[in-house]
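There are 2 protein chains.
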Amino acid sequence: MVKESRVDVLIIGAGPSGLMCANALAGAGVDFRIIDNRPVGVAAGQADGIQPRTIEVLQSYGLAEPLLKEGAQMHLCAFYNPGPNGGIERTGRAPDVTAPTARFPFKITISQASIEAVFLESLKSQGISVDRPIVPSSLEISQDPEELLDPSSYPAKVVLDHIGPSDSTPEQEIVHAKFVLGADGAHSWVRKTLGFTMDGEQTDYIWGVIDFIPDTNFPDIRNRSAIHSSNGSCMIIPREGDKVRFYLQMLDKDVMDPETGRIDKQKVTAENLINTARKTFYPYIINEPKKVDWCSIYIIGQRVASKFSKHERVFIAGDACHTHSPKAGQGMNASMNDTHNLAWKLAQVLRGRADISLLKTYELERQKYAQDLINFDREFSTLFSGKPRTSENEDGVSHEEFLRAFQASGGFSSGIGVHYMPSAIVETIHQGCAPNLIIGQRMLPQMFVRAADARPVEIQDMLPADTRFKLLFFVGLLTSEQLTRVRGLAEELQLPTSFLQKYDYQAQGKAQSMFDIISIAAGHKDDVNFLDLPPTFRTHWSQVLIDDTDVTGRLGGGAYPRFGIDEKEITLVVVRPDGYVGMVAPSTALESVDKYFGSFLIGKTLNPEA
Amino acid sequence: MVKESRVDVLIIGAGPSGLMCANALAGAGVDFRIIDNRPVGVAAGQADGIQPRTIEVLQSYGLAEPLLKEGAQMHLCAFYNPGPNGGIERTGRAPDVTAPTARFPFKITISQASIEAVFLESLKSQGISVDRPIVPSSLEISQDPEELLDPSSYPAKVVLDHIGPSDSTPEQEIVHAKFVLGADGAHSWVRKTLGFTMDGEQTDYIWGVIDFIPDTNFPDIRNRSAIHSSNGSCMIIPREGDKVRFYLQMLDKDVMDPETGRIDKQKVTAENLINTARKTFYPYIINEPKKVDWCSIYIIGQRVASKFSKHERVFIAGDACHTHSPKAGQGMNASMNDTHNLAWKLAQVLRGRADISLLKTYELERQKYAQDLINFDREFSTLFSGKPRTSENEDGVSHEEFLRAFQASGGFSSGIGVHYMPSAIVETIHQGCAPNLIIGQRMLPQMFVRAADARPVEIQDMLPADTRFKLLFFVGLLTSEQLTRVRGLAEELQLPTSFLQKYDYQAQGKAQSMFDIISIAAGHKDDVNFLDLPPTFRTHWSQVLIDDTDVTGRLGGGAYPRFGIDEKEITLVVVRPDGYVGMVAPSTALESVDKYFGSFLIGKTLNPEA
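Protein sequences appear in the order of chains A and B. For the first sequence, this note's numbering begins at 1 and goes up steadily by one. For the second sequence, this note's numbering begins at 1 and goes up steadily by one.
Treat the hints loosely; a few may be bogus.
Below, computed lysine to any residue pairings styled on SDA-like, alpha-carbon distance capped at 25 Å [what the hints assert, rightly or not]: (1) LYS387/A with SER230/B; (2) LYS279/B with SER230/B; (3) LYS124/A with GLN126/B; (4) LYS69/A with SER230/B; (5) LYS69/A with GLN543/B.
None of these hints come from the bench; they were simulated from the model.
Chain A on its own, in the form it takes in the complex (with noise of 0.2 Å):
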């Protein structure tokens, strides 16, 4: 007999993707699966970069902190062309991170060892481990249409095979799972068993990769640098510790096979790598290192998924969905926030409280967003591949043609700038209210004070990644005229057919509930009284916050302005449970928030168990 089993999520490949869906369903409570093919996580090599954006995301999971302390950190970039001398110098140094409104204005460098270890440790806190190794060996999808648009439906099949000691037979196991996520890398046996193809071109530029503990005269060997040399190009990225990863341009003759076109492993070495960068480096000098922690070859490839989902019950992510070059540090931060995106959407189906239509918001975002991901990444490797301009290359790339290019890809790179386009959970009919919050990018970070005790917050850190919406209540400034309508505005959300009665279920645990309400007044932090807020907009003290500064008056202020929102309006911005600004509106237009949210989510007169 084989064994059967059923779970509601199935995830099949334990990387940053599947890790970071993994935590975010064991937060939601979702009952799921993690396995992954291999015996261990990795050890060493691999992706490395956390930007600015990602940092945010980690942050709303409570999972920063040890990567903000154990991380390195990129504040600056510096920018080497070849001088005179024959050798490089620097033309500048310049913000690494050009996104005026990152609340981490810096890219973390550590390994992706220490990453998942952080996802694995928080999953142990939870009691859940990955299964391991596992191969998956089919996959079966149900064709009935009714089935597949049913939640509680267990559509698809995979039997997977329990790896034991070498030469025993696999054991095996068939699991029926309401939804299987494929997070399994580059070479995705989902993606493949799925059938979706993988669009785009490999290119010919060969790049190598080495990570070690330099000994070097080189000034900036602590500060990303991007440096074009006559000999290649070259990307200096410091890690976690004394350690630093060079990523370099490599040439044909050093590491191809003349005969069958392909790279040449024998010639991938540490040593050959080390002469490519004090090449690279004239006139300055690395010593030769004592140890080498990791070193790989790449051609780089640009290619994005033809599908992200297949019926919204098998979905793709990661590099699963999209290949890249690895020198602007985006893969691993594409890879986690795909599955970002997509688990509060299965949490919400899965508990009946969302149509299963949800989920296809899932790919109509982030296949958009991988779509850009490798246009910016081929533009940006052909200018850093490409020569550097030189008086014999008088076509080559310029100091400033790069430094422009990379400062303008600043937003997207660092993915402050993402940006989901209109759709069931992206109404923009109301920008007006608030021009300068972006519905559909993520809701800016923001300092304010707290009315009752005025300790100052970070917006962002009262909008954890717990599945609920946020509405964010701009009541504007407390005059007794303005106290009027927000005590009417409470009346009218105490409604029966108010959005916030239709869709907030009685549920035990905050988790479970749909909508966390946060006030933020207008005013004075010596004036304001939070009791003269009615109930529904302080369901508890520390949920009202005044826009002013705090104590010191050197942080929060001005966020009305910088926002555009009116001091004398009500007015609402709906965050998501991801973080981005589904909807504003003002207090007046109730009812196109009520369409909102209607048009995603069940109410509790049609799912009474739920």
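Starting from the known structure of chain A, fit chain B onto it as the hints suggest.
Chain B in isolation, oriented as in the chain A frame:
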């Protein structure tokens, strides 16, 4: 046979003072034991306020984080006085901390149990626990002057009774200790055994204290509030979670037994305290609490021990040295700072690196502080216990008078203003070369950017309480002329006669070395090359800072003018292991730095084994 044992330091009492000492000694690798007469630690009540300077100190041990996370924070103080309608009304709100240089511009409140738990957790991670319940029954100190001066001798003999199950005879143990610390509270057995008196007086004011979750319409229930009502005074201290502490002025008739003239414990009930609170709060209401966590009553007394040390072999610290009212939230802070002051001195003497006379500075510094503390407390308590000024009572305390006193004492009450007088370890001769870094006060917090990677760092985070002296070399603007001088200074410091060579023993671990060098350059992060400094001034790439802003322009910069340091000179700032500025000197006065360290450190040649 009675069990006999030896230990370098025996700590009697595991409250905040004893635990701070234990944790510091553990970090320094000192052999010690900590005992306590209670079978378990405190459960509820007791001290609960952590002042800004204490947060800095805890941070220097890496212990502030959990308290910053879990504790309440008091940013504002609200002031209430009798209004025209017979009840109280708010006269104003003001920052609770009036110490402009505080790194943490607020106080933390949290139960003493949680604070002790942070220390206990830290000790546990180092394999150390409190021995309890153990009661000391006798203490003898050798009278032999030679033995007393020899730091490797064991001149203290303490008999301990290990308390077993009730009715069993306690098991005795004789401990021979090099040093003993009595951190055994207001009724200190060690203090009494040494025959030290408590000097000061009892006042007549009776105060009640109660911890509970209030249900009230009082708008400042989450701010610290000082209420002067015609029915008595009240101090509100918001606490972790939704808890609040009230300090309530009680009338004699409500709590005294008229026959004995003593407090009648029967009358000290939660109900009695809540009723007093209600009278004080009128017209605001307090609903019947569901649960009261803790309540107690006390009569203020301000006293200081006549001596803090016997032969620099047995010390007392914390409540054993000073008692005063709890309302200003000082007690636990004074206690922890007592042993923070003592621990590094003990460690250096025990290692044979410092002369035993160094220990004299403990009483010198902390007794003076304790005297200032009870003077402050007497003044503050009298003002706060006094009748408020009203039309019927024109001699009463006015809001302005109270606020003025409140703000004037902010430097002291926050702990920020603590100023140690000149001594072997406080040398003010060259104050002029950094006039705003007051010698004898704690090193000012200040953000810098790291030269190698432009990461913003708080200088206090580079001054861990690890028993090392931190040498802050302000190397100025690195012109080629200045670099020549810097190289000259590096050479001078390498001479065998230099303090840096004489007192920095070759030792295994970082914690065992005597000095840590941090270089701080003036200039701009886009230009400074940390590799320009000679190796003496860059023992690691992370040890070189620049007085510049970070990439956002929001953090750092302006330290040279703020401290009054000349960018064209080289200035050394010596920070003691406890974070206090011990000396400043121009690079041209190395001989006075040699003299400073020579006055309390022991050179390598004199002590080749250490």
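A quick look at each hint next to the structure:
| no. | hint | result |
| --- | --- | --- |
| 1 | LYS387/A with SER230/B | 83 Å, violated |
| 2 | LYS279/B with SER230/B | 9 Å, holds |
| 3 | LYS124/A with GLN126/B | 23 Å, holds |
| 4 | LYS69/A with SER230/B | 52 Å, violated |
| 5 | LYS69/A with GLN543/B | 17 Å, holds |
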